[in-house]
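A.B. asks: Here are the chains, one letter per residue:
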Amino acid sequence: MKILVCISKTPDTTAKIAFTDNNTKFAEAGVQWILNPYDEWYALVRAIELKEKDASSVIHLVNVGGTDAEPIIRKALALGGDEAIRINVTPTDPFTVATQLAEVAKQGGYDLILTGKETIDYNNGSVGGMLAEMLDIPYVALATNLQIDGTTATVKREIEGGEETVEVSLPIVISAQKGMAEARIPNMRGIMAARSKPLKVVEPVQVEPLAKAVEFGLPPAKAGVKLVSPDNVEELVRLLHEEARII
Amino acid sequence: MQVLVFIDHVDGHIKKASLEAASYGAKIAEQTGGTAEAVVLGNPADIDSLGKQGIKKLYQLQHDNLQAIDSQVYTKILEQVVQKAGSQVIVFSNNSTGKAIAPRLAVRLQAGLVSGAVALPDTSNGFTVRKNVFSGKAFAQVSVTSDIKIIALNPNSFSITEGDGATEIVPFEATVDAPKIKVTGSTKTSGKVALTEADVVVSAGRGLKGPENWKMVEELADLLGAALACSRPVADANWRPHNEHVGQTGIAIAPNLYIAIGISGAIQHLAGVNRSKVIVVVNKDAEAPFFKAADYGIVGDAFEVVPKIIDAVKKIKGIS
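Residue numbers (our numbering), protein chains in the order written: chain A, 1 to 247; chain B, 1001 to 1320.
Bear in mind the hints are in silico, worked out from the structure with no lab data behind them. It cannot be assumed that every hint is accurate.
[Said to hold, decoys possible] Each computed BS3-like pair below joins lysine-lysine, with the alpha-carbon atoms no more than 30 Å apart: (1) Lys-2/A <-> Lys-1076/B; (2) Lys-16/A <-> Lys-1137/B; (3) Lys-106/A <-> Lys-1182/B; (4) Lys-1076/B <-> Lys-106/A; (5) Lys-1209/B <-> Lys-226/A; (6) Lys-1084/B <-> Lys-1057/B; (7) Lys-16/A <-> Lys-1277/B; (8) Lys-1016/B <-> Lys-1277/B; (9) Lys-2/A <-> Lys-1180/B; (10) Lys-226/A <-> Lys-1284/B; (11) Lys-1292/B <-> Lys-226/A; (12) Lys-1292/B <-> Lys-25/A.
[Unchecked claim] FRET-style restraints, in silico, Cβ to Cβ: (13) Asn-1213/B <-> Asp-136/A: 42 to 52 Å; (14) Asp-1164/B <-> His-241/A: 27 to 37 Å; (15) Gly-217/A <-> Ala-1166/B: 38 to 48 Å; (16) Asp-1046/B <-> Gln-206/A: 44 to 54 Å; (17) Glu-52/A <-> Ala-1174/B: 43 to 53 Å.
Note that beta-carbon positions come from the ideal geometry of N, C-alpha and C, so glycine has one too.
Could you build the full structure based on these sequences and the hints that come with them?
C.D. replies: Structure, rendered in structure tokens:
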């Protein structure tokens, strides 16, 4: 089986969120970058687990990004990707990213394409569905479990009001979330091996965004906490009832 | 502008998030001098009442092939509705159904997509929509430049309107492909209230010491008609199911009231809940970072405080 895992570079979950250039750009100074957790913990690790069951499988990684994305690509290779493709353009929006990924996906003839359910920076969760449409193949979003038997995938996915199990023939695109796999840490052998694994750089195709973030802002700060004594819990409920008018 | 709202439904009823989307779509139509229309695939019981949310016309399609939500099949149907209705703005709820379909439809219609919108579009200079980014720690104004625009509205971001309008139901015939996705089983979430749609969420963390101590949390949630949630360590330890995990890598929520019991409030947890309108924190550690993000707080032992809250709520609700 040929698997493609789409990976993104995102700020660390504890990164300070601020903006520069008149609030038009994320302030990158001092920010620690990581492999997007949904891509790493769920999409990539599940791909590795599938390969462990079927050694004939290959895992390709694809990233849309500049040279600054290479450390996270190497990390993904250290975890267990076989080779990586970097599409050499700074990502701006889901539509252009999906367009770039579709080029690589079409040429690779993949059976299974995995993405995280969203990136933790722009929270769009759109790339998987867009890519599936561009490839004209099924898309199963928000998957929490994935089994492959021959050319049939059995996927558990989040739906409104619960979860359901679906069967679908490969090739497919799947967006992965919690439940899909357990996070792993790359071992020394993986890290050493990653240095010599192929990382191919390809140039992007020309495409214009249809929607793009033009300005950013921070929500107003909270006024401060109103503390209530543990001996006077009725006061809290009264405040919620009369002041906040909730209960 | 001509607006089309996608109406999602479960167990024969329209989702609350879709009523929000309908109200939101009607407001866009009103602001821009157009008509608000909607589309439903299936036959939920309450479609007649969509007029209250300002929907003038509802396209309804019923077909055997719609049992599973197969985004390919749904997308092709919606494309036909959009062509017939001449829709310029398409509104989804950004729930699990919307997330599966909206991105595909955006590609098919070459439409710009704003997913996770939290406010009405600003049409004073182009067409920009505010959305949450960085898991609610910031927002972005997204400019949509395509002719057709698609907005996926975050649940609990827009109030449901209750007018007295009527909606005309128009049966719609379309080419419907055979689905490639086959449903073989399903499980309902344990909570009665869907987490992303809940007005009140009661959440607990490691401070409860073990899964056997959730009874009082469940009782409080029941009393408030609230959904249950938990922190990541609790889900990771399998004290509670993963679908209750709220936070940066779990579910992001925006209820009117979020009650956090025995949760310290790590930055990753706050990212998933900081859009809650009122936050109440109960924690025995006065230094817990969550107090900085809270509106109301009690520094105290959950095992003493929560039963007292339950009693006080019962009293105010007149239940003895």
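A.B. asks: Hint by hint, say whether it matches the structure.
C.D. replies: Comparing the hints with the structure gives:
1. Proposed proximity of Lys-2/A and Lys-1076/B is supported: the alpha carbons are some 28 Å apart, at most 30 Å.
2. Taking the CA atoms of Lys-16/A and Lys-1137/B, the gap is near 9 Å; set against the 30 Å cutoff, the hint holds.
3. Note on Lys-106/A and Lys-1182/B: the hinted pairing holds, with a Cα-Cα distance of about 25 Å set against a maximum of 30 Å.
4. Of the supplied pair hints, the one linking Lys-1076/B and Lys-106/A holds, its CA atoms being roughly 22 Å apart against a limit of 30 Å.
5. For a cut-off of 30 Å, the pair hint linking Lys-1209/B to Lys-226/A stands: about 26 Å separates their Cα positions.
6. Using a Cα cut-off of 30 Å, the hinted pair Lys-1084/B and Lys-1057/B holds, with the two alpha carbons roughly 13 Å apart.
7. Proposed proximity of Lys-16/A and Lys-1277/B is supported: the alpha carbons are some 22 Å apart, at most 30 Å.
8. With a CA separation close to 18 Å, the supplied pair Lys-1016/B and Lys-1277/B stays within the 30 Å bound.
9. Under the criterion of a C-alpha separation no larger than 30 Å, the hint pairing Lys-2/A with Lys-1180/B is consistent with the structure, at around 20 Å.
10. A threshold of 30 Å between alpha carbons decides the hint, and for Lys-226/A with Lys-1284/B the separation of about 15 Å falls inside it, so the pair holds.
11. Using a Cα cut-off of 30 Å, the hinted pair Lys-1292/B and Lys-226/A holds, with the two alpha carbons roughly 10 Å apart.
12. Distance restraint check for Lys-1292/B and Lys-25/A: the Cα-Cα separation of roughly 27 Å lies within the 30 Å cut-off, and the hinted pair is therefore satisfied.
13. Look at Asn-1213/B against Asp-136/A: about 51 Å separates their beta carbons, and that is inside 42 to 52 Å.
14. Separated by about 31 Å at the C-beta atoms, Asp-1164/B and His-241/A satisfy the suggested range of 27 to 37 Å.
15. Between Gly-217/A and Ala-1166/B the beta carbons are some 40 Å apart, a value that agrees with the proposed interval 38 to 48 Å.
16. The hinted window of 44 to 54 Å between Asp-1046/B and Gln-206/A holds, with their beta carbons roughly 47 Å apart.
17. Look at Glu-52/A against Ala-1174/B: about 44 Å separates their beta carbons, and that is inside 43 to 53 Å.
When each numbered hint is compared with the structure, no violation occurs for any of them.
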